[in-house]
Structure formats: C-alpha cells, structure tokens
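Novice: Heads up: the protein sequence lines correspond to chains R and H, in order.
For what it's worth, this note's numbering labels the leading residue of the first sequence as 1, then goes sequentially.
For what it's worth, this note's numbering labels the leading residue of the second sequence as 1001, then goes sequentially.
These are calculated hints, taken from the structure and not from any lab test.
Listed below are several chain H residues computed to face chain R (Cβ distance under 8 Å; list not exhaustive): (1) F1105; (2) E1111; (3) F1137; (4) M1144; (5) R1150.
Some chain H residues well away from chain R (every beta-carbon gap over 12 Å; in silico): (6) K1002; (7) E1028; (8) S1041; (9) E1045; (10) G1181.
C-beta atoms are modelled at their ideal positions from N, C-alpha and C, and glycine is treated no differently.
There are 2 protein chains.
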Amino acid sequence: MKKKAVVLYSGGLDSTTCMAIARADGFEAYAMSFAYGQRHSVELEKAREYAAKIGAASHQVVQIDLRQFGGSALTAALDVPKDQAANDSIPITYVPARNTIFLSFALGWAEVLGAFDIFIGVNALDYSGYPDCRPEFISAFENMANLATRAGVEGDRPYTIHSPLIQLSKAEIIRTGLDLGVDYRLTHSCYDPTVAGISCGRCDSCRLRLKGFREAGVEDPIEYVTRGAQ
Amino acid sequence: MKKKAVVLYSGGLDSTTCMAIARADGFEAYAMSFAYGQRHSVELEKAREYAAKIGAASHQVVQIDLRQFGGSALTAALDVPKDQAANDSIPITYVPARNTIFLSFALGWAEVLGAFDIFIGVNALDYSGYPDCRPEFISAFENMANLATRAGVEGDRPYTIHSPLIQLSKAEIIRTGLDLGVDYRLTHSCYDPTVAGISCGRCDSCRLRLKGFREAGVEDPIEYVTRGAQ
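Modelling step: build the complete structure from the supplied sequences, incorporating the hints.
Specialist: As structure tokens, then:
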C-alpha cells in the first residue's frame, strides 16, 4: 500500500507541481484546499474541478474565515496591486499567519489519516517577502509538529514537511512540472480574474507566472486578458 | 496605552483564569474562541455570554470545522467517556492538532492587532495525555511563530506564548483565580451537559474540576446533575 501524504493544494501552478512531485515520490496524494474568504474564489472552483484530474486520491476543502482579521489585500476590501515593481518589503497581499494556519490543518488531517508527510508548494525566491515561505519557517513548523501530535509523544520525529519548490525559480518549477507530465491548463494563478475566470495578466501572481513561462521558453497554455508589459 | 494580548478563551475554568492572569499582568485581553463542531456547543454560548463580563476588550469567535477530520470523541459521533479512571495513554477526547490550529489563528489575529503576546490556558499536569499541552510544544510553537510573521523577519523574537497554568494543579489554578477575583459561576467545563446546560458531573472535565475544587477546599458554585463518585 502506498504511503499517504497531505498536499496543500490551491489549484495553482506551484501546488499542482508540488502534487506531481509527491506522486512521483510514491505518495498517495490527499489534497487540502481552503475557502478562506479570498477574493479570487474562482481559484477554489478550479481546485475542485482539477483535483481529481491531476491525480488526488481525495480532496478536502476546509472552510475558514480569515476576512474577520483584515490585514491583507487578498481578503480585505483593499485593491490588489497591479503592475507593481518588485521590492524588498512584505507585499500587501501577505495574509497574516496563512501558511501556519494551513499547515496546522494539514497536520490535523495527517494525524487522522495516519500520514506522516505534508507537501507545501512554498517558494522562497519568487515570494521572498512572505516570512512564512522561508526554509527556516518550514523547519521550525516541522519541529513543532513533532511535539504537537500523538506521534511526537509516542514516536521518533515521524513528520516531514516537504517543500520541494522552495529553492526553485518559477521557470525551474515549470520545467520540473512539464517533465512530470503536468498539464498547466489545469492550473489557475490569478489574484484578480474576470467573472468568467480569465486571468488578468497584471497582478503579481500573473506577472510571476508569465515571466516563469517566458524564462522556461514555453508558452503558458491558459487564457489572459492581457499578457501585460513584457 | 495598555499592551494587547490575544487570550484563547473557551469559557472554561482554565481559560477564564488565564484571562484574569493576562489582565493582572497589565494586558488588554482580546478573547478568541472557536466554533469547531464540538459536541458541547453550550460551551460557546457561555463563552459569548461571559467574555465581556470577565473583562475581555473584544471577543472573536472563529468558525472552523474539525468534524470533517473525525478522530475525537469531542467532535465525532463517539460517546464521551464517563467515570473513566485516569491512565497514561492519550485520551479519546484528544482532537488532532487542536492547540496548533487554535494558536495559529491567535497568531494571525495578534499580527493584525499589533499584539505580541498570546495566552493559552493549557495544563500539563491534569492533561498529561495531550501532546499539545506540554511545555516543549509551547516553546516550539513560539519559536515557529517568530519565523512565521512580519515581526519574525523585521524584529527580534517579539512573540511570547504565555501558558501560566502549565505547571499548576487544578486546585492551584482555582486558588489563583479566586485571588484575582474570578467568579467561577461565569465558567463552564462540562463535555456533555444537559440540553439546559447543566454540567453532567461525570465526564473527565467535570471530574477534574470537582476534584480541583475539593482540593482547593472551596465549593464549586456551578450546578451539576450529580457531583459523581467522590
């Protein structure tokens, strides 16, 4: 019987690639998504639609409400920044403690499933401004997870938090996924899509994605309103 | 202006005492409760009713659903154990990753509030079977929190997870609370109350509470169906 892994899955390019890596590593993938009051809820519809197609054994959507905290352009009534130059500060789209919360739910599900592996598609290069995308955060969470659980009391540090994309560029992520047979038409990245679900091409997430495909020398197969300033 | 602290608050004896300690330490207390599909949802009604009365500056109830994971008598369709002798194994009422999830939300709220202190009323003596009630878990969470957040990137380890009850017996908790003027009529502990909200007197939580009051030499002011085998 295959070992189980919980894979945090948004329906986006990174988490879809991450799931392909988990499956290539021999795991049965249990996909976990979050309905957290994000403005781009089309992301969630896509995740529901794509999860089985990309090989998840099961897909769980956890309802949580981060909007009541405020504090992020992704959940509060702030404008998503467009055509913004990269800089070193923490972006307005950062959601407080988001990955901590997501990984905590993944840990709870893993404990119930008897899984000891959790995959998260965080990336330290393209998202250097997000504190909870850094290797030292992942390592500290893993350490905490092994003290938080039955297995931590009864076993010998069994949990592993896998973040296989953490040191890859977007182009490297795309090339890795293509090598594993990922169909990137079954992914969605835009923070601010049209009502029909077409990606804007101008938000941070679209710009990173388009830049990644350009650098990988491959055309992005999804539809955009505009492919933006090149 | 007083410093803010997020206090995890269930409406129970421990978290109410914890809030009194936070306030005595000079913090403005932001109470956070969770609607997590617990069978004892009367706990939540009591928490809503009591939060302001015991001095919370604000009270937030976060809706999450841990029932979908199963795995605990507190959230799944299992019987709450009654009149059960204490033993060393992890109790059936343990909810996977519960304190990890609760503290993660508290961290998110703290980050938005600009608070750097989180209080949690865990207890390592009376709940020795719960892995996420141990000092080493709290310490690992604090370490992780300081890597997960803006302050972790920009500051110098500002977050403190306070667990002032962790080494106290239930009787010591009660005496501490009484010294701080806590009115224990404004607390609720039972895992399996009657429809009218009367405590059963027989579940683990009631038994620990009643034993604590006996050892403190004080009568528990709340009403019980039975005060159980003494």
